[in-house]
Each structure stands twice: as C-alpha cells, then as structure tokens.
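Number of protein chains: 4
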Amino acid sequence: MSETTIKIDLSKSPGEHDNIHNRWHPDIPMITTVEPGTELTLECMDWTGGQVRNNDSAEDVRDVDLSEVHYLTGPIGVKGAEPGDLLVVDILDLGAFENEQWGFNGMFAQENGGGFLTDLYPEARKSIWDFHGIYANSRHVPGVNFAGIMHPGLIGCLPSKELLEEWNRREQELIDTDPHRVPELATAPYAPTAHMGRMTGAEAKEAAAEAARTVPPREHGGNCDIKDLTKGSRVFFPVYVPEAGLSMGDLHFSQGDGEITFCGAIEMAGWIRVRVNLIKDGVRKYAVRNPIFQPSTLQPEYKQHLIFEGISVTDSGKQHYLDAHLAYRQACVNAIEYLKQFGYSGAQGYAILGTAPVQGHISGIVDIPNACATLFLPTEIFDFDINPTAEGPIKMAPADDIPTAPWKG
Amino acid sequence: MSETTIKIDLSKSPGEHDNIHNRWHPDIPMITTVEPGTELTLECMDWTGGQVRNNDSAEDVRDVDLSEVHYLTGPIGVKGAEPGDLLVVDILDLGAFENEQWGFNGMFAQENGGGFLTDLYPEARKSIWDFHGIYANSRHVPGVNFAGIMHPGLIGCLPSKELLEEWNRREQELIDTDPHRVPELATAPYAPTAHMGRMTGAEAKEAAAEAARTVPPREHGGNCDIKDLTKGSRVFFPVYVPEAGLSMGDLHFSQGDGEITFCGAIEMAGWIRVRVNLIKDGVRKYAVRNPIFQPSTLQPEYKQHLIFEGISVTDSGKQHYLDAHLAYRQACVNAIEYLKQFGYSGAQGYAILGTAPVQGHISGIVDIPNACATLFLPTEIFDFDINPTAEGPIKMAPADDIPTAPWKG
Amino acid sequence: MSETTIKIDLSKSPGEHDNIHNRWHPDIPMITTVEPGTELTLECMDWTGGQVRNNDSAEDVRDVDLSEVHYLTGPIGVKGAEPGDLLVVDILDLGAFENEQWGFNGMFAQENGGGFLTDLYPEARKSIWDFHGIYANSRHVPGVNFAGIMHPGLIGCLPSKELLEEWNRREQELIDTDPHRVPELATAPYAPTAHMGRMTGAEAKEAAAEAARTVPPREHGGNCDIKDLTKGSRVFFPVYVPEAGLSMGDLHFSQGDGEITFCGAIEMAGWIRVRVNLIKDGVRKYAVRNPIFQPSTLQPEYKQHLIFEGISVTDSGKQHYLDAHLAYRQACVNAIEYLKQFGYSGAQGYAILGTAPVQGHISGIVDIPNACATLFLPTEIFDFDINPTAEGPIKMAPADDIPTAPWKG
Amino acid sequence: MSETTIKIDLSKSPGEHDNIHNRWHPDIPMITTVEPGTELTLECMDWTGGQVRNNDSAEDVRDVDLSEVHYLTGPIGVKGAEPGDLLVVDILDLGAFENEQWGFNGMFAQENGGGFLTDLYPEARKSIWDFHGIYANSRHVPGVNFAGIMHPGLIGCLPSKELLEEWNRREQELIDTDPHRVPELATAPYAPTAHMGRMTGAEAKEAAAEAARTVPPREHGGNCDIKDLTKGSRVFFPVYVPEAGLSMGDLHFSQGDGEITFCGAIEMAGWIRVRVNLIKDGVRKYAVRNPIFQPSTLQPEYKQHLIFEGISVTDSGKQHYLDAHLAYRQACVNAIEYLKQFGYSGAQGYAILGTAPVQGHISGIVDIPNACATLFLPTEIFDFDINPTAEGPIKMAPADDIPTAPWKG
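Listed in order, the protein sequences are those of chains A, B, C and D.
The numbering of the first sequence is the UniProt record's numbering, which starts it at 1 and goes up by one.
The numbering of the second sequence is the UniProt record's numbering, which starts it at 1 and goes up by one.
The numbering of the third sequence is the UniProt record's numbering, which starts it at 1 and goes up by one.
The numbering of the fourth sequence is the UniProt record's numbering, which starts it at 1 and goes up by one.
Pulled out of the complex, with its shape left as it was, chain A reads as follows (with noise of 0.2 Å):
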C-alpha cells in the first residue's frame, strides 16, 4: 500500500496554495497522480479559505466574499481512470486539526447569500462549537452537545468540458428568468476571484472565466453536503476526464440534513483520509448518473426523537401542490417555534437545527395537495428534557443569544 499526504499551511493565504482551487474545470492540472489502491491523507481549509475566526463577533460571516469559496485539496489524478469509469473512493478517517479544536456556524444576511430561512432569519450571525473529541458544544448554544457525524461537504471529480458546458447552460438559463434577484438564483462563472490551481497566465484566465462555481451538488457529486458521508463510507464517482481528478473539502464536524443554516454545518479546517480505486466502465454498468454512497459502519446513534411534521401550505395559508421544500421549511420552523418554549431565542434554534444530526425525510410526496415532510429532532442531545409533559415545558436559565451583525448598508 502507497501512501500519499498532501499538506497546507494555515498561516499562508489560499492563493498562496498551488494544490487547492476554487473553481470546476476539465483543465485544472493534477497535483499528484496515484495508483489505483492509494491512501492519501489531504489536509483542506475551511470552505471559506479562513476568512471566520474563533470569537463572538458575527462581522466575518457577515463579510465573507461567497465567491471566494469552497477552496477545494486537489485534484488527485488516478492511474489509469477514464471517462466512464467509476472511481471508489472509501473515506477511512478524517478530523480537525490537533490545534484547531473548533468549529463554526453562521448564517449569511439575506444580502448575501441568505439560507434557508432567511426570510426569518435576514441578519448575519455566528456560533463557535468547541470539540471535545468526539463531541461538540458551543458557548452560543447551551444546553446542547452531540457526538459529530463528520464528513467532507464537497467531494468529487472535474467535469469534462461538455458536462461543464451543460452546467453553464443550464444555471444561466435559471438566472435569466430573474437576474437581479436577492439572494440570487445561481452564481454564474466569476473570473476575478477564481483559484485555478496550477493553472498559470492566459490559461487560467480563460479557463477561470468559464469555470463552475462551486456552490451547488451537482450529477459530479461536488457540494452534496450530504450529512452521513462519514468517516467509513464509501462513494462511487463517475469519471469524466482522463485520470479522474477527484478533489475534497469544506470539512464538517456535524451538519443536519438540509444544511438549512448555508454557512451551514460546523464548518471546519482538518484533514481526511481516503483510498481510491476504479471501476472500469461503471459509468454503464450501473447506469449511474450521479454518485452513489453506501455509508458506514460507525455512526452516531441517536434512537430517541422528538418528529416535527410539515406541509405544503405557507403560514399565511397559501396552498402549495406538493412542495417539499416548503414543507421542510413548515417542519424546521415547527421545531424552532417548540425550542423556544424552553427559552431558546430562534437563531439557537435554527442553529441547532443546522448543525446537529438531525434528521429531514420526505414522509409523503404523493397526497394531493400537501406533501409532508418530516424533521426527526435527537433528543439525547440537550441537556434537560425536552419532551412533551403534561407539566409543560420548563424554561431554561436565558442566555445570551448568538452574534449578530447587522448589515453594513
């Protein structure tokens, strides 16, 4: 077994870096190749490239520059991958860095990204979660400690120069039915602040020009941030450019599903190990569109639930046809609205739900007109009880609520 480790310096800049980018793109070249059987350990920044500091001011999340993200390790040529392969790539361990034992959690202004419930939530606003080895809590949220399921937000191979050009197509298309939206539908190819790897001079900047932004999953893998991609999984890549390159990051210590809070998760700086190997021409055998996981062995447990149920009508009482996302939406702001019987403010509440390992399931999506979506809330995670009882909800000791910054305008 070969072993390779690719390594940062968190005291240098991104742009400092030739082995991370920011951008998908065919050309982007390898920074390594590998045999196929490889173990690499890759040491990644937070999605943000550092720009969100361990304090209690929300100023950095405020300001970060969402076009100078997710700064990506990679990419890693595999030996021998071609388009329609499928590239294994078993996840075998990850963590944070030994001195940086800290996490964070915002929420962009609704100027700026916004999340999930930015209608609610316009404002910028940061929690700091501190490990404590498997486990995470956060001065900004009391009450709460859970063991973190983490997992690499983003990871996967370069697009071909088709699939890029597809993707542009498409993603431009939706802007144009409403450009000058806030926040904006897509975020379309946006040169000035592209890292393009070891891509140097008029190379790079043509290529920077026409590169995918990194923001949403798409058939490649890349942003999933599917939650249970956990230390032991295992995912199935398609290939699409000689050699693979697969790249990784935006680590985090735990997320919900849905990854309501957008900046979103415990976001985090650390390291992952993987191991790759190939399917020739998987692509075809398994008609595979896009990738497939099978998860792991180890994982957290959490049997005991509070179940929170939304439908597809808007607290106005307008009637949606079966909506699932509007129906999430019913059911995160049910479980927010119960929180705070117990004294939480409603940002601790959307907090929790965007970095504990909640659960969000699709329970219904065929019972014209309301589809029903379901958020399975762990109740092992606070402190104190917080089920239902005939004596009623027992507040907490209040405390302070999470940073907020206001918007600069």
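Hints listed in this document are in silico derivations from the structure and should not be mistaken for laboratory results.
Please note that the accuracy of each hint is not assured.
No distinction is drawn between identical chains; accordingly, a pair holds when it is met within one copy or between any pair of copies.
[Claimed, not checked] Below, in silico cross-link-like pairs of lysine to aspartate or glutamate (EDC-like), each with a Cα-Cα straight-line distance of 16 Å or less:
{"no.": "1", "residue 1": "285", "residue 2": "337"}
{"no.": "2", "residue 1": "303", "residue 2": "380"}
{"no.": "3", "residue 1": "280", "residue 2": "35"}
{"no.": "4", "residue 1": "161", "residue 2": "210"}
{"no.": "5", "residue 1": "285", "residue 2": "391"}
{"no.": "6", "residue 1": "7", "residue 2": "98"}
{"no.": "7", "residue 1": "408", "residue 2": "123"}
{"no.": "8", "residue 1": "280", "residue 2": "391"}
{"no.": "9", "residue 1": "285", "residue 2": "385"}
{"no.": "10", "residue 1": "161", "residue 2": "82"}
{"no.": "11", "residue 1": "318", "residue 2": "173"}
{"no.": "12", "residue 1": "318", "residue 2": "165"}
{"no.": "13", "residue 1": "161", "residue 2": "206"}
{"no.": "14", "residue 1": "318", "residue 2": "176"}
{"no.": "15", "residue 1": "318", "residue 2": "166"}
Chain A is already provided as a structure; the job is to place chains B, C and D on it using the hints.
Frame of chain A, contents of chains B, C and D only:
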C-alpha cells in the same frame, strides 16, 4: 385500565358500517367516548374499503374510485378533551387480521390519480405481498424480503368548523389555478360518495357537501403517511373539537419514505391498539401547529444501504431552483435505473421503492440552485448482492413483471 | 405454502392434551408431519402448564412442581429429515393470546430450585407483568416499562437414543458428587410426572423412566433461554432422529441475559409461528455441535445503558480463578445495590434484571485470576433518571414490595 | 477549559520514562495534578512497552516478559479528590500514533501465560493488523476487515494501602492452592521488574515488593478489558487515595468479549484524551463497589450475526455445574470449528474471536446443570458469505497461517 374494542365486518361493505367514515367534518358523531388512559383496539378496513383483491389482475387498482377513500374507523371521543389540548396517542400494537395475511401495492393510472413517477409509469399496476410473520414478500417482485414497519397511514382528530373552512378555501384556490388538470391538483368536497359515519338525513347531506377529503395530510395529521409511526410510537395531536374525535385507518404493512407509488405502501386491512391521554392546553404550551411524534424503540434496523442522490435538474436538462420534489424524484429514478441492471423491470423497481423501508432525505436544501435529495435503499432486503463490484451486476433470472391494466378509455 | 395450526385449550390441564409433552425422548410420536417449507402456528402453555395465576400471592410460585415442567408443543415431524441434517427454523412471529395479556416472573424458594441469587433471596416471590402492545409493566415493580423481545425459552429436536444415554450418564455422574444438595445439582429422569405426549401404556412408562428432564440446555438447544431469539430469527438445529421432531414452548415476553430469577423471564402462554426447512448433511458441512442462530432485524434498540462490572471475588473476599459465573453474580449484585439507592427493594431489583432486556457480557476471561463480567442495564426503561449525578440519587416514592410466600416447612 | 498533555517517547524504553509505571501502589507520586473539568491527552506505550514488533515472527510474543507489563501512563492527580468520591472520566477520543498505524494480536505460549484456549493452541503466535482509518485488517488473517471499537484495556485509580493489602492477601491464598501450576493461578508482587514511576531509592524498592501486578481487573477497574469503553464513554471510578491517581494504558484498536487470546485484542501504542470530574461522596451515594460505565453514542453497529452456543460440558463429556467459563469456551470452540469449514486455520479463527468485535453473552445461568453462553460473530466483517446455506461452505483460497514460534525449552 379500561379497554374498548371497535369491530368491523370485512364481509360487509363500508356503507353498512356506522363506525367508519371517509370524510373530515366537525359534526361526525363519536362512535364511543372513553376516559383518558383507556386502551382501544380498532379494526380497520384497507384504505379502499375492500376494492382491491388478492389476485393477479390490476383491473381493480385501475378502477378504484378515489372519492370512496379512505375508510377510517372512529371518531373516538375522549372525555374532557377541549380545543387547544394535545391528545396523546400511544400506538401500542397493530397487525393484519389472522386470516388476511396479505396486502397490496398499487400504481394508479395517470388518468386516475397517478403517482410520483406517473409520467414514467402511467398505467395501473398491482403487486400482492404475502406476510410471513414480521416479513413480507411478493410473487410479483422476486428476490426481495423485508420486515415491515407497520403503521397507520392516516390518523388524526376532527377539524373545527373554522379549520375545515380554511382547508376548503386554500385547496379550492389551488384547484382554481388549473381546474382541468389530470391528475387533479387537489380533491374538492364531493358529497355523492361521502360516508359521514352516524350522521344521517339532511344533516349528513349538508355536511358531506363541505366535508374535507382524506387524501392530503393537514394540520391535524391525517394522511401523513409517516412510515416510522409504528407500534411503540407516541403521537401528540392538536384537539379542535370537544372530545377530540380521533379516527384512523389506511394501515400499512410497510412503506418507503414518500409513499411514492401513491397506492402506495403495502396496504392492508387489520387492527390497531392505542391508548389515549391528554395534555391540557398543550397546543399553546408547546406552540404546536402540526402533530409531534416520538418514534418507537422497536423498529427493524437496516444498517447497510446504497444511497442514491438526485438534484433538481430535469431529465431534459432544465435547471430548477432548490426543488426538493424534483431532487427526490431524480434520486428515485436513479435507484430504479440501478435496479434494472440487476434484471428488475422499471415497475418492479418502482414497487420496491414504494413498499420497502427506504428512507428519503433532504440532504442539501440551500446550495443554489440545486437541492440534493438522497434515497437510502437497504441492501439486506435483497436475496442477492446488490452492491457495485468490479465485475458488474449479475442479472437475476428474468421474472414476470407486475400485472398491468391498460386504461379503459 | 402450506400451513398448519396446533391448538391447545388453556381451560384444560396439560395432561388432557396429547400434543404436548414435558420430557425428551426419541420415541415420542410426532403430532403431525409436514413438508419442508411449511409454516406452522403452535399454541403453547406457559412453562408450568398453568400452575401460576395472575394474582398478588406468591404461593403458587412457591408450590410449583418442577418435575411437571416444561410443557412443550410438539414434536413436529419434517418429511425427509434425517440424522445429520440441519433443521432450519424461521421464527416468524409470536405473541400472547389476545385474552391473556399478562405474564409472571417468579423466584423459586431455595428449597425448590432457587435461582441465581438464591442465597440473597431465598424465599418464593412473584411479580405480575401486564402487556400493553409491545410494552410490559408490573404493578409490583413501579417505574419500569419496556418493549419485550419475545422469544421461546425452549426449542429443539428430539435426541437420539445414544444422545439421550449420554445426557443421562454425564448428568447422573454430576448428581452423584453431591446427591443430597439443596438445590440439587441436576434433575434425573422422573417417571411419575412425565407427560410423554402420544405415547401410552407400558411403552410410555418405560420411556418416562429414562426420558431427559427439560431444564438444562443441551446439544440440541432445548432450554437455552437465549433472550435474542425473537420474531425474525433463524435457527439451525441438529437433527438426531428421522423426521427431526421439533418441539417448543416456555414462551417469554422478555428476559434478561442469564434468566437469573430462574422462573425466570416474563413467562407467558401464547402462540408461535415458525417455518421449517432442511440443510441436508448440514451437521457435517458446518461442523455443528450446538445450534447456530441468526438474530432478527427487528429488535428493540436500547442504546443508553449503565454498565455494572463484577469480578470473581466473593463478598467475603475469597479469590476465585477466572470464574465467570461468580463475576456475573457480582455484576448483578452491584446493579441491584445501585437500584436500591433509588428506592427499589432488593427483590424488585432482582426482578428487573430477570425480566428487562439487560445484557450480560463476558468482558474479560483471561486476566488471571479475575474474570470480568459486565451487566448492561438499559436506562430508557425507567420512568425517572437513573444515571449518576453530582446531586446523588432521588428516592422514588416507596412502593409495596413484590409478593413473598414463606417456605411451608 | 484547561488542557494538559502527557507525552512519551517511543524511541526510549519504558524505564527511561518517569511518567509511566507498571504496578499498582498508593504511594506512586502523581505526575501532574489538575483541576476537575480539565481535559488531558495522555500518550501510552503498547501494553508490553515495545516488546513486540511489526514483523512476521512470533518470537517476540513467545519471549514477552509478563512481569514487565502493563506500562501505564499516570498517575494523574485531581484536586479535591478524596477517598469515597467517584472520579468521573469522560473518554473523549483515542487513537494510534500517526506514524504507528498498526497493532498486534498475540497468543502466549502455554509456558508463558497461555490464553483461553491454550490447551488447543499451546504455542506462541502473532498476527499483525494494519489500520486504515477506522478499519483494520491483517496480512495473517485474510478475508476479514472491521471497524475498531478503540478503548483502553486498563484504566483505574491507585488503591489505598488497605485495598492493596486485601488484593495481596486473597490472591496469595489462591496461588497457595497450587503454587507450581503452569500457567500460574495469579501473579504475586515481583520487585525486580517493577517500574514505580517517580518513586526512587529505598522507598521504591520497598513499595515494589508489595505493589500489585496489573493483569487482573479488580475493584478499581484496572485491566477490565471491556471492549465497549470507547471514545464517548463515561466511567465512574471509586477514589481510594487523596487526589485519586488515575492511570491508564493497554490501548486496544479492537477486541472481542473476553479478550480470549490474552495478548489479546489488537494491541497498540497511541494516545487517549479524557476529561476528569468528581462526584463527592459518590461511592456511598450510589453503593459503588466496582466502576460503573456509560457506553458511547458512537459505536460500530454490526447488526448481522451468527450466534454460537456453548454449554458447560467438556469435549470428553464431563458435566460441569453452571460453569459459564466452560460454556463460553465451548461457544468459542464451536465458532472456530465453523470458521475452519471456510478454510481458516484454527489459530486464525482464534485470532478473529480475539480481535473482532464479537460479543460473549451469558445467556442462561440457572438451568441446572448447564450454563449456556453465546458468542455473537458479526458476519459483515467477512469479505465473503459466512452464513449457512443449503450448498454448504465454500472454502476460501488457502492462506498462510499465523506465524508460530515453538517454545524454547
């Protein structure tokens, strides 16, 4: 502990019973009134009231009259219950009748309700599932065997007059946006086939004209089709009318998240044992809008899954904005295409996703413009190895497909 | 699929049934013979054949005649089964009778069999447990409520003549080492109370004089009291006589590892549904000496435990060498002492360990001279917080103890 | 939160460290004293202090000097701890050193300690296990791959003078019953190889002559080898001396219940992160005699098992009375015989039971005269199907056996 049993007679039609009903209306009379703490056993028809038979023809599924569902047992009055209370319902046990150890999974014709993938599978189909203790399998879908998570698909309390009016208002508004759509956007009150329980004469006629249909889940729970509500669960329902009026039915032997085949789950007749209690003023105490659930200690534990991903881009490449409905559809389609590589027909794959305990998660809901939904398919339910390997899939012996009935038109 | 049902009549005594027996002997006639693949439903008496009642006196437990247990339903013949085959038994489902939703846990008097802690609890005691769907609780042990892992305590095939002789030889040898011990070391054949099923006359009398008693687990399985053999399990039994001769009974609603109270578990009458199949020559193929089991997908999942440890040193400080029996005893005693700090009597604690799904693990068995055994007590089964805190335990309101019956002597 | 790190240097011998010790004695000086609430990271040698190497010879295992184990890091003083308190230890995380991603499993020669099955496997053997993130596999035991439940095999507080005297008294009594037995019944104090930490000179010499050896688990915990004490667990230890004096070591990557190979588990050097707190007067409050544990939320979940059963009858047919040690031995032997049908050597099977997360349960402990023990073997850890089928077992390609070293004599 007092106990009560509500019996039905499967040899008689729903209309011959006065302890069942198929509409929601505040004035449907209680069939019995019990003290808090009482345990009740309620027998229930299958949701169609016996329209579907254990045979190899899909004609009965094709011909189901959707205005004649769901047949619910109740309403049960609970002494002392008042609007604003929470009705605490412990689902103690449920099962099929000893001599009716089977259920059905149907796909409705596009002309008669359709289903989640009705554009791909527009014809009526039916598979029959035999129960072997805790397990089910189907002569129409070979190679699959799983333990059911038995649950009531539909359960809830009678709405108040005001709530009923609100339902009718908002659903009619939606219907009015496209009144001739096939399948329809929502189902309006329809008196001719209403079964109003013990209401009779002019009063029943008048109520039937405004009584809500049973298909959608709503604030009171209703047809929420939450596959996890199995024996051992506890549910907290809002009370809207004096004595609450709890009704239930639509028993499922097993269902996948979303109940994507619409008819839907493995549908069965059977019995359910519940205990009722009250939390006075619980709606206000806990800020409850939709029911809250606590899942059971006792659930089948499938730990090995294949996870399929879908994003909110259509097959023809149109980009949608954070559309979880579309993303889940694509995850389902991806899973079905995968199953086809092992020899299943598309309809068989569709049936597996509708009946087996698959999970549907909203994994990413903020990464513009793509929602990311994931479908967790338990791999232990297959008689053969369904995981990807370097050798590629091994086709099972070809099997007869699920019975289909072409539309009559 | 063919099906068979073996019925009993609880209003009649065991002796009035010819489809039950209470001894092991190769010549007990089959009560029915079925094809491989058949599903059978067998009704079973409780293990004492109805000697214990649902009341608040322990006199019936004190007076149980241990030569009249266990009453087993069977033997079932399986066509084609030959010595050396493996009989594959799927435990499809089991339950209490609809009108007998209760069970008992007894502690035998030291003079009449005793139990694991008979030196500490020498008197006969009895607690009654009521079933509420999947849950049980007891008016004699307040504050505890758990989902049962229902299972047959006793199941296995008829021994061959040679195997029976071997059993009798080795057990008599042990008895001979201390023939007057109370309680006795083992139970020798005893004809007067033998129920030999359909054997009659001289043949029955002769067989009864050599037939094995049912208390110990042996090579064929028998009274193995494995609490995990619940609905959904599969068992591979060695076959010793033509047609196998499968019998079962001693149904338990729930039991802790070790069945430490001896009478033991939550004992109930009820029914069990099984399917039988064969692996020809399986004993040789798999080198099988004792039955092999596959547990069920469906089991209650208690994830939060307190783990108590015991080592092989007696209360008076005598060191034993790697004695797992003593180590487990000390773990049990430690757990009971702990429970007493919360207000339980010692006997109530003993009953909890005998009935609830506690796990008993052999944690260390090589670290001379101490064996280390651990007892896993699920904490979710208590109505109150049973975990250690800085504040110390809060005593529950004092409750009446478990009914006791002093020895008659 | 204050933090402390205790470092060791693997390039130096245990004797060159003054922050480790290999005996239990009340007067061993604290290497540091911390406030309650402190988080500590302790580096630990493997239990033999580096006597065993990553190679293909078993000679080092054969030659291990058992008087030179276990090398423990500590003792840690906790301010304010007094005899009678409970020391609350949160095991936050643990792991192998980044450059030492391997461990060993040894079987000692019968002449040098032996193991649980030393009569069957009397020679010294060794298998090396490589770590791949959360997984381990061995070049000496092909076809097996599992996620480790990493834990400290040995952890506890210093005994008081009185407790130490009691240990010495009772263990010497046992030794005196058969002082020349091979392997010995227990290990008496032995000064020549004692490492007394920071004690020096005459004081150390005197203490070494009475200090307890580390092999057995005792009241304080010690070498309890509980495989479930993994990251995320909490332990409540009795305190016997002022400042408690917590030491730990003997880290295991994984172990089966019983640690049947004695040397034993997958042994590794590494680090462990703990947090310490106090429950004042907790021993009395909770009637604690041995440590109490709370397991972790995060554990590998193996759900599919084959369960092997053993009863207390020897291979030659001698009946023992409720002997759980013998019953578990027979369950182990049955499992190994089964594994041999798939091509494993007996020693490989023995190694699998010693290293993989197998469970050993005391299933029946009252059914005279047979104890029933069960061994739960997770089937997902095998690369091939290990379940019984009608076709019989398929032999794997023959592999080289585990390295063996004949006894020197």
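Here is what the structure says about each hint:
1. 285 to 337: between (48 Å within a copy, 11 Å between copies)
2. 303 to 380: both (8 Å within a copy, 11 Å between copies)
3. 280 to 35: within (14 Å within a copy, 47 Å between copies)
4. 161 to 210: Answer is within; shortest intra-copy Cα gap is 10 Å, inter-copy 58 Å.
5. 285 to 391: between (59 Å within a copy, 9 Å between copies)
6. 7 to 98: both (14 Å within a copy, 14 Å between copies)
7. 408 to 123: within (10 Å within a copy, 57 Å between copies)
8. 280 to 391: between (62 Å within a copy, 9 Å between copies)
9. 285 to 385: between (50 Å within a copy, 15 Å between copies)
10. 161 to 82: within (14 Å within a copy, 64 Å between copies)
11. 318 to 173: between (28 Å within a copy, 8 Å between copies)
12. 318 to 165: Between copies only: 13 Å across chains, 38 Å inside a chain, cut-off 16 Å.
13. 161 to 206: within (13 Å within a copy, 65 Å between copies)
14. 318 to 176: Between. Shortest inter-copy distance 13 Å satisfies the 16 Å Cα cut-off; intra-copy 27 Å does not.
15. 318 to 166: between (35 Å within a copy, 10 Å between copies)
Violated hints for the displayed structure: none, as all numbered hints are satisfied.
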